[in-house]
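Enquirer: Sequence:
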Amino acid sequence: MKSRLCNFPILLTLSLFALPCAGEVIVKATSKPGRTWLDRPTTLLSELPSEPEDKGLDSFGGLPTKDARVTGYFHTQKLGSRWWLVTPQGGLFISRGINTLSPVSTKAGKDALIAKFGTTSKWADQTLDLLKQNGFNSLGAWADSEALASSQVHLPQTVIWGFMSGYGKQRGGTHQAPGHTGYPNDCPFIFDSEFEPFCEQYAKQLDTMRDEPSIIGHYSDNELPWSIKMLENYLSLPASDPGHAAAAKWLASRNGKIGGNHEINDSDRVGFLCFTMERYLTITAAAIRRHAPNHLFLGPRLHGSVIRIPEVFTALGSKVDVISINYYGAWTPEESLLEMWSQRSGKPILISEFYAKAEDSGMPNTSGAGWLVKNQKDRGAFYQNFTLGLIRSGVCIGWHWHRYADNDPNDQHLDPSNRDSNKGIVSNRYEPFADLLDA
1 MKSRLCNFPI LLTLSLFALP CAGEVIVKAT SKPGRTWLDR PTTLLSELPS
51 EPEDKGLDSF GGLPTKDARV TGYFHTQKLG SRWWLVTPQG GLFISRGINT
101 LSPVSTKAGK DALIAKFGTT SKWADQTLDL LKQNGFNSLG AWADSEALAS
151 SQVHLPQTVI WGFMSGYGKQ RGGTHQAPGH TGYPNDCPFI FDSEFEPFCE
201 QYAKQLDTMR DEPSIIGHYS DNELPWSIKM LENYLSLPAS DPGHAAAAKW
251 LASRNGKIGG NHEINDSDRV GFLCFTMERY LTITAAAIRR HAPNHLFLGP
301 RLHGSVIRIP EVFTALGSKV DVISINYYGA WTPEESLLEM WSQRSGKPIL
351 ISEFYAKAED SGMPNTSGAG WLVKNQKDRG AFYQNFTLGL IRSGVCIGWH
401 WHRYADNDPN DQHLDPSNRD SNKGIVSNRY EPFADLLDA
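Residue numbers (the working numbering): 1 to 439.
In case anyone wonders, no lab produced these hints; they're calculated from the structure. Errors might be hidden in some of the hints.
Heads up, simulated EDC-like pairs for lysine to aspartate or glutamate below, C-alpha to C-alpha not over 20 Å straight-line [stated by the list, open to error]:
#, residue 1, residue 2
1, 122, 431
2, 169, 146
3, 32, 53
4, 374, 335
5, 249, 334
6, 229, 211
7, 55, 67
FRET-style restraints, in silico, Cβ to Cβ [unchecked claim]:
#, residue 1, residue 2, range
8, 50, 108, 18 to 26 Å
9, 122, 238, 53 to 61 Å
10, 150, 24, 24 to 32 Å
11, 375, 282, 46 to 54 Å
12, 25, 52, 35 to 43 Å
13, 336, 79, 19 to 27 Å
14, 171, 343, 35 to 43 Å
15, 33, 290, 30 to 38 Å
16, 290, 336, 34 to 42 Å
17, 56, 336, 33 to 41 Å
18, 200, 34, 43 to 51 Å
19, 339, 65, 23 to 31 Å
20, 129, 416, 28 to 36 Å
All figures in this text were calculated on a predicted structure; none of them were measured in a lab. Backbone N, C-alpha and C define an ideal beta-carbon position, used for all residues, glycine too.
Please put together the full structure from these sequences, using the hints given.
Expert: Written out as structure tokens, the structure reads:
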């Protein structure tokens with residue numbers, strides 16, 4: 001399953017030619033089963049000038065250069081007009097990762113693992129080798145570190161934590177929402193007095209890996225419900241709730257008086273959204289940097305409508321090292337949107353989730369946010385078009401496909417967004433999707 005350019009060489013990003021925008025190939029795609037199929041202009045690697053595969057990479061997979069700093073850990077650096085991840089040895093690196101690299105947890109999945117690999121250790125060896133052979137160089141969120149620990153193959157990784165979701169579980173009052181933890185009125189418990197000491201205690205888990213050079217960085221939470229509606233949401237909580245009290249105090253301070261009839265406007269809404277985000281980031285960033293000072297702070301993984309609010313990225317920029325986006329709804333990345341994210345924050349971008357699923361998998365494909373296409377070859381076409389757009393932006397330092405294995409409909413412990421869809425690079429019985437991986 002190794003194609004001409006399967007390693008997606010870093011040299012490609014250094015070429016003098018300008019990458020074209022979405023091109024001649026047309027792929028049909030839709031957002032959900034039963035909805036209209038639309039033609040999507042698509043750029044493929046085969047349309048571009050050839051480049052040799054990278055040679056002489058450092059032990060972390062970076063392209064050696066004299067221009068980057070050598071720090072002993074992963075860091076970010078802007079060279080000319082382009083942002084890069086830089087390996088601990090000073091190599092240029094674009095993180096091409098896979099989320100949720102773990103064995104399928106159902107009985108049928110466990111039986112399939114034994115039948116195909118024999119042991120979990122052999123699964124780890126063969127799976128990591130599969131990733132490397134098909135151009136992946138890192139692990140995204142939710143990698144099963146315990147299952148992978150025995151392998152002789154190692155890849156740099158990002159680590160996801162649940163500072164707010166963990167506090168919410170301890171505190172009580174949360175619920176399962178599609179893809180993430182839900183909170184009352186979509187109001188995370190940011191203003192609870194107990195949240196900050198919880199974060200300090202929770203962050204002690206990072207001590208065991210603080211000197212590990214293969215850790216790229218840490219996410220603080222997944223898909224918190226940041227929203228332009230947060231001011232009204234917090235004000236609609238009971239008056240005794242710390243979030244209600246904080247929102248009322250903030251609004252009174254903004255208006256210069258307590259009480260009175262003030263009609264909330266969009267400026268208020270954006271201001272309060274940034275206020276909540278800055279408080280959350282101040283607490284979580286301090287805890288993470290105290291216990292993992294050598295690693296990048298990747299922030300909370302953003303999603304939804306909040307990714308289009310410029311002020312959010314100004315607030316993020318002073319606290320995080322990288323802007324992490326779960327980016328859905330775009331067949332080709334919006335260049336102006338990526339530019340806004342980076343300009344407002346002054347930081348590079350990591351696409352922490354994206355994917356497409358295919359009809360020919362035989363799965364219902366009703367859950368999840370990724371595109372629906374006709375077949376595995378079209379999934380590969382989406383991957384190439386999307387990632388070429390990210391390279392073209394000059395601000396993206398990596399992308400992580402969501403996820404390793406297809407959803408297993410028998411696993412009722414998963415949240416509603418992960419029940420029945422063809423998201424994986426392998427099936428839920430470990431059969432690789434060759435056409436996708438070739439791309």
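Enquirer: Could you check the hint for me, namely that residue 200 and residue 34 are 43 to 51 Å apart, CB to CB?
Expert: Hint holds: Cβ distance 48 Å, inside 43 to 51 Å.
Enquirer: Are residue 55 and residue 67 close enough, with their CA atoms no more than 20 Å apart?
Expert: 18 Å, holds
Enquirer: Honestly, do residue 56 and residue 336 meet the 33 to 41 Å range at C-beta?
Expert: 36 Å, holds
Enquirer: Below or equal to 20 Å on CA atoms is what counts here, so check residue 229 against residue 211.
Expert: 40 Å, violated
Enquirer: Residue 249 and residue 334: Cα distance at most 20 Å?
Expert: Since the Cα atoms of residue 249 and residue 334 sit roughly 38 Å apart, the hinted pair is violated (cutoff 20 Å).
Enquirer: Should the hint that residue 336 and residue 79 are 19 to 27 Å apart at their CB atoms be regarded as holding?
Expert: 23 Å, holds
Enquirer: Given a hint of 30 to 38 Å, does the C-beta separation of residue 33 and residue 290 actually sit inside it?
Expert: 47 Å, violated
Enquirer: Mind checking the hinted window 35 to 43 Å against the Cβ distance between residue 25 and residue 52?
Expert: 24 Å, violated
Enquirer: Starting from residue 122, check that the Cα of residue 431 is at most 20 Å away, please.
Expert: 15 Å, holds
Enquirer: Can you let me know if the beta-carbon spacing of residue 129 and residue 416 is within 28 to 36 Å?
Expert: Given about 33 Å between the Cβ atoms, the range holds.
Enquirer: Does the beta carbon distance between residue 122 and residue 238 stay inside 53 to 61 Å, or does it fall outside?
Expert: 54 Å, holds
Enquirer: Should the hint that residue 375 and residue 282 are 46 to 54 Å apart at their CB atoms be regarded as holding?
Expert: Holds, since residue 375 and residue 282 (Cβ atoms, about 47 Å apart) stay within the stated range.
Taken one by one, the earlier hints fail for this structure at numbers 2, 3, 4, 5, 6, 8, 10, 12, 15, listed in ascending order.
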